[in-house]
Amino acid sequence: MQQSLVELREITKVFPGVLANDRVSLTLGAGEIVALLGENGAGKTTLMNVLYGLLSAESGEILVDGEHVDIKSPQQAIDLGIGMVHQHFMLVEPLTVMENIVMGIEPSKFGVINYPAARRAVLEISQKYGLEVDPDAKIHDLPVGLQQRVEILKALYRGARTLILDEPTAVLTPQEVRELFAVVRSLVNEGLSVVFITHKLDEVLSIADRVVVMRDGAVVGETRSADTDTAGLARMMVGRDVVFRVEKDPVSCGDTVLEVDELRVRDERKLTAVDGVSFTVCEGEVVAIAGVSGNGQTELVESIMGLRRPESGHVRLRGKDITHARARQTIAAGVSHVPEDRHRRGMVLEFDLTENMILGDHRRRPFAKWGVFDQKVINETTAKRIEDYDVRTPSARVLGSTLSGGNQQKVVLARELGRDPELLIAAQPTRGLDVGAIEFVHSRILDERREGKGILLVSLELEEVQSLADRILVMYKGRIVKEFAAGEASDEDIGFYMTGGSDSSATVDETESKGVTRGR
Amino acid sequence: MAGKEAKRMGDRLAVAAENVGIPFISVLIAIAIASVIIWIAGFDPVAAFSALWKGAFGSGRQIGETMLRATPLMFTGLAVAYGFRAGLFNIGAEGQLFMGGLAAAYLGIVLAGLPAPLNIAIMLVAGAAVGAAWAFIPALLKAKVGAHEVITTMMFTYIGRYLVSWLVTGPLKAEGQIPQTEKLPLESTLPRLHEVFAFFPDSRAHMGFIIAIVLAVVVWWILKYTTLGFEARAVGFNPWASENSGISVSATTVKALCISGALAGLAGVTEVMGVHGRLFDQFSSGFGFTGIAVALLAKNNPIGVIFAAILFGALSSGSGTMQLEADVPSKLIFIIQALIIFLVAAEQLAKWIVGRTRKGVTESA
Amino acid sequence: MLNDIITPDLFASAIRMATPLALAAIGGTICERSGIVNIALEGMMLVGAFAGVVASMFFGNAWIGVLFAVLAGALMALIHAFASITLRADQVVSGTAINILALGLTGFLMEVIYGHPGTTDPVARLLPLFSASPSGDGFFGEIWRWVYSIFFSHTPIVYMAILIAIAGQWALYKTTWGLRLRALGEHPRAADTVGISVTRGRYSAVVISGALGGLAGANLSLEQVGSFTENMTNGRGFIALAANIFGRWTPGGSYGASLLFGFADALQIKLQLFRDVITIPSQFFLMLPYVLTVVVLAGVVGRAVAPAAVGKPYEKG
Amino acid sequence: SSEDEPEDEVTDEATTEEVVDEPMSDIVAAMVTDTGGLGDKSFNDLSYAGLEMAEDELGVEIKALESNEIADYEPNIDQLANAGYDVIFTVGFLMTDTTDLKAPQYPEIVFGGIDQFSAEPASNQAGLLFREHEAAYLAGVVAGLATLDTDMDDRINEDNIIGFVGGMDIPPVEKFEVGFTLGAKSVNPDVQVISLYVGDFGDQAKAKELALSLIDQGADVIHAAAGLAGVGSITACQERGALFIGVDADQYLTVDGSGDVMLTSVVKRVDQAVFQTVKAVVEGTFVGGTNTEFGLAEDGVGLAPYHDFEDVVPAAITEAVDAARADILSGAITVGASRDAL
Ligand SMILES: Nc1ncnc2c1ncn2[C@@H]1O[C@H](COP(=O)(O)OP(=O)(O)OP(=O)(O)O)[C@@H](O)[C@H]1O
Ligand SMILES: Nc1ncnc2c1ncn2[C@@H]1O[C@H](COP(=O)(O)OP(=O)(O)OP(=O)(O)O)[C@@H](O)[C@H]1O
Ligand SMILES: [Mg+2]
Ligand SMILES: [Mg+2]
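Here the protein sequences come in this chain order: L, X, P and W.
Just so it is clear: in the first sequence, position 112 is 112 by the working numbering, and no numbers are missing.
Just so it is clear: in the second sequence, position 334 is 854 by the working numbering, and no numbers are missing.
Just so it is clear: in the third sequence, position 177 is 1062 by the working numbering, and no numbers are missing.
Just so it is clear: in the fourth sequence, position 296 is 1498 by the working numbering, and no numbers are missing.
I should point out that these hints are in silico values taken from the structure, not numbers from a laboratory.
Ideal Cβ positions, reconstructed from N, Cα and C, are used throughout, including at glycine.
Not one of these hints is a red herring.
Every beta carbon over 10 Å from chain P, so not counted as near; a handful from chain W, in silico:
id : residue
1  : Asp1258
2  : Ile1272
3  : Asn1284
4  : Asp1299
5  : Ser1325
6  : Asp1351
7  : Pro1373
8  : Leu1455
9  : Glu1485
10 : Gly1486
11 : Phe1488
12 : Asp1510
13 : Val1514
14 : Ala1517
15 : Ala1518
16 : Thr1536
Covered stretches of chain W (in silico footprint by chain P; criterion: 3 or more residues with CB under 8 Å from a CB of chain P, positions within the stretch not fixed):
id : region
17 : 1237 to 1243
18 : 1413 to 1421
Simulated crosslink set (DSS-like; lysine-lysine; CA at most 30 Å straight-line):
id : chain 1 : residue 1 : chain 2 : residue 2
19 : X       : Lys574    : X       : Lys871
20 : L       : Lys369    : X       : Lys744
21 : X       : Lys871    : P       : Lys1197
22 : L       : Lys72     : X       : Lys871
23 : X       : Lys664    : L       : Lys138
24 : L       : Lys477    : L       : Lys270
25 : L       : Lys128    : L       : Lys109
26 : X       : Lys819    : X       : Lys744
27 : P       : Lys1197   : X       : Lys819
28 : L       : Lys369    : L       : Lys320
29 : X       : Lys574    : W       : Lys1265
30 : X       : Lys744    : L       : Lys384
31 : X       : Lys744    : P       : Lys1197
32 : P       : Lys1197   : X       : Lys664
33 : P       : Lys1059   : L       : Lys109
34 : W       : Lys1265   : W       : Lys1481
35 : X       : Lys871    : X       : Lys744
36 : X       : Lys819    : L       : Lys369
37 : L       : Lys320    : L       : Lys482
38 : P       : Lys1059   : L       : Lys138
39 : L       : Lys376    : X       : Lys744
40 : L       : Lys248    : L       : Lys384
Using the sequences provided together with the hints, build the complete structure.
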């Protein structure tokens, strides 16, 4: 048997109350792509953090090139040729792309950074692997797709031979995913090995050589991807059959719930982000906004929610003008919001689950009376929601920050849906969820639809959009450029408009699709 | 099953022992290090620390003295802690304290003649309001233009101090050469504890101590069980998520800093009403600043503030005895105080030592 | 009257009074950029001021005094670094403890070394670099007076402070040290994942800030006064902390903010000269710098965003 | 009075320890400093100097207890009282209330309150106050004449301006400002006396800037009543060439190396007041229940020698000072103590 490049043996890692890795073993051969699959909280990230020197395991050993190694810090992992792109990016937001990439091993003389050389080096590797970015852009101005490129470039710049990608596709459009896969294949051709964590089974099949499946902290199965299919993987993962495409009744549109009329919104940099958008959502309807991130969806949602002041136009909820309402009034009027960034807007990581569960409802009965909490009701509600939404947590009293990404998302969903809203705005509601959880969330959204709620879905996932939406609005550069009815369009059709195609142009504009830069 | 239960009980006991033990061990380490310093400096460490203990807790009177000194620190500690919980660093509690004191000194004279309970109630409320008012402009500036509260509250401290300095030498000055306000009439002062509770030994400790404890519990309750406290903490941790949940970040900021200011103002009120009976330029020994350390030592937990303030109060009241009986220079006492604060704050060190000994115990068992 | 207020000396005085604030504020900037709050600048200045005077007395050389001031400040900072980085103590508590420690240590050592509390004996001081004194009449004489007062009348550390502000600003944005420092304060885990040692980076920043605090102390004791007095820093460390924020956590900004404050203080003194014309109580003059700072802050400067990770102990994993 | 009382151990010990060479006393005397503490080169230090004098000359045992904060005043007094001290000096006007409270509680102990005016002093309590403005008036005479006399010293300029640097703007400092101003105007009606305030008593760097600004404005003689901060003003005078008039103690003696600018000092003989009080107790002549003012007449305040300026100060000045002193003693002049008198 060929010697493996990296081998993890019997890794065990314990967090207070959680056995995150239970004697996990994993091998990675040279030039191999291994997919690591598993439910939310299965311990994938933890295992990779151990390999990268961010966590130290209670027991187990790590071999690189057949040698026993003791990886105590990321520096040692880097020295061993291991690079990692984290589930939550490790980028310093106020710094530039170039600074983030070279940080730690800057080209310099006497401690003075040679910025031209740094820029050259960044451009060189970005060209070599086809990962184009503007080296002088600040991270916080970049859409996530580009931020991820920066993360990959960081690893490559450090001469990684083994690349760990923790849920790299969760935030990408199909187009971006295709590009990423091309990059990954070219990396493998260059001799790199890749560990690829994802929840998307078709991706696993299309990119990985081998699949390792984890559940509850342990490896429960391993297979060559050629020998399985998505249903088989799903079964291995959640231990039962999974329905990928939920069935839904035909739309029966009732009264108009949400009406957006010629809305114009500016972003932080005062550039027009939403440029005269109009649409309606009616009772029992799912309207999806499809678009590459950074095309104004965030600003659109924030201005509907009352988090951002629109320049002009109107927003009406059941005919009532809420254009200038603040978030509290919007919520009170019956709008729920699953934000796209759960760490920033979705939850308070330093709050425990009971507290996170009442955010936004914390002033309302039965949770609070006269400004005083009814702890009993809160605890009961939390316990019920944890149960209903299958949040994997040792208790309701742990801090939000200790949950795995997927479980955090479930908390947000449980809270927002639990409010029983008139209108649900769900932005990337299944980002980072495992297939089982996605199935559950989708069916919950359709339950809401059946109850006659209006749903505005913002998603990059065309599969999600196709399976849930009654109407699809494609947003590009702040405008709705195309509207499709359910089942009317193929993924390719939608992708075409998402990336700047128009009815008058026949081909997809290649440069536009390379990632989105707004106003630059 | 039973074994599991027992183990859990054992774990709980270990955690409990750790929570009580850590501060205790920290203090012990601090005493050990300080003893070395005292000894090197040529004094008797045993005499020094027994004097410190005696001065702090040696008699009912001394305990009262410790309580007296803990009182303003509880208020300022609560003030700073409340601010921190809302993500605000109220470094200017000292200024709010001065303004609270000013309000009490003024009202105490104006209200003379009213029945004492009414008088006292009005003064407490008004002093808190004035403290809040002194925090209001920094709060507003923070909420509206983002001016950093560390700068603004500190600047307002200096402004408040000079304002008081002028008032006590000018418009509000009592007869005579001394820059101070008129002595408050009896009905405008806080009774001493021994005047209210017969069992309490004769000391200077006053009702401010009880008010502070009650407020600590109230603040703890507010933070834990009310929407007011919930919103403050939410904004303190994550303003974006708060905003998304319909919490007004600016309104919450203003409210939190004003509550903080009110608590600090009460420190001034109770010092004037309970200790000095009047206002003068130097009536606070930096209580607003020490309150920062008190708050953080208590990890911003209002109940913890009570204990942290008592620790500081004890160090303060024990130092006089230490100076007199063990001849330790007053300056050395600062060093000892600093050491104790250090070690109590750096619980990691004590934890490490506890861990070591526990490991040793289990291994030998 | 305006002629008497707007004099070359007003500006010279502003620069002098800004210097200790600026040095400490730049120290605060470097410290906070690395993610550590330094509320102990006051104590570091105090210890620096004291060590400087003692060393200047022992060696009869003010420069050796400066050296010791810097070392002493750095040593105090090392304690702060150990407590807040290694032991992960709360940074503000540690800073408060250092301030108390500094007060006790300087007071106690003064009694040990000098046999009395209060003030030390005067020592060799650093004198102005250029000893020419302005003379000459007429327009050019006047110009020379202005130029001399503002640019050439100062003691060495005053110039050092300006150089440090410039060099610091440059280093923060042009050197590996600066880049890593900025990363540490914003996102230490990101720095850690690319192999930058959070501990080492933060230690060095805290120690440098202490050294600058010590230098600020030396400016007070070895240049401005020529002796040490208990608590002679008189809250300057706290004003410096504010100046660092005012200067938006940059060395240049810190200097600028300190200069603004120094100017307001110098102006206040000049205005006091005319108390027979401006008949307000002296306390209102003394308030001026603080009021002015709030007004400028409210009206001009606006939102200041601290380094994201400041004040939070870094825990691996 | 107290020395007839049977003494406790503390005193017994003291008696055995003392070497029998000087007049012996079994009295023990102590003081409580204000928060300024020892080393303030002002009333705390001077009180202690008075105690030391009593130790040397009367053989009493002495002790100083420093207060780190205001809350220490009362327990410090209690501690000394309980430790058996016979005489306790409480230093500074901020301790007035406390002394008023404590004196009746310990009728056997003599309390001396430095700078304290008690409305109803107990029979074992004496307020010891000083008419600083009288001495400051003499300093004003010196400064007012000196600033005109450009021949006297090359640091004296043409401008008819002198300066005053105060610590905090409070009545006890105001006395110095007012006395100094009145004295200067009495001999030089056109003189401009500029008074600046530091805002506290410890910030030497600030006090230096104030003095520099005075000198820049044309002042050539500066009097500072700013506690320790005033030392900074001395430095300013040395740097920019101006003359200085000290405060409280003879600062020629207490501030090393200040001789080249130290024209004289406004001294406040707190040491004498303390010593005299202890002496009265030792001799059994102490009479309490009083507030005693020490002025020029009682030799409780005065001008320090000119020291290095002995040969520089012209006779015109010394004569004017003598004349002013005589006028004050005779009552021909009453020096005001507050700004109303200006
Ligand atoms: N720092 C921590 N403290 C406590 N528990 C933790 C911590 N990090 C992770 N866990 C727990 O360890 C388990 C494994 O988490 P991990 O992040 O590895 O899951 P994952 O497989 O990556 O899940 P996801 O697909 O949702 O990202 C979870 O139960 C999580 O709650
Ligand atoms: N520093 C401390 N010293 C002693 N006891 C403390 C301390 N901190 C907390 N306690 C104890 O803990 C209890 C209150 O703590 P609490 O349960 O409110 O902690 P918490 O959950 O962190 O509070 P919060 O919800 O306000 O953050 C009190 O009963 C008190 O006895
Ligand atoms: Mg994960
Ligand atoms: Mg003259």
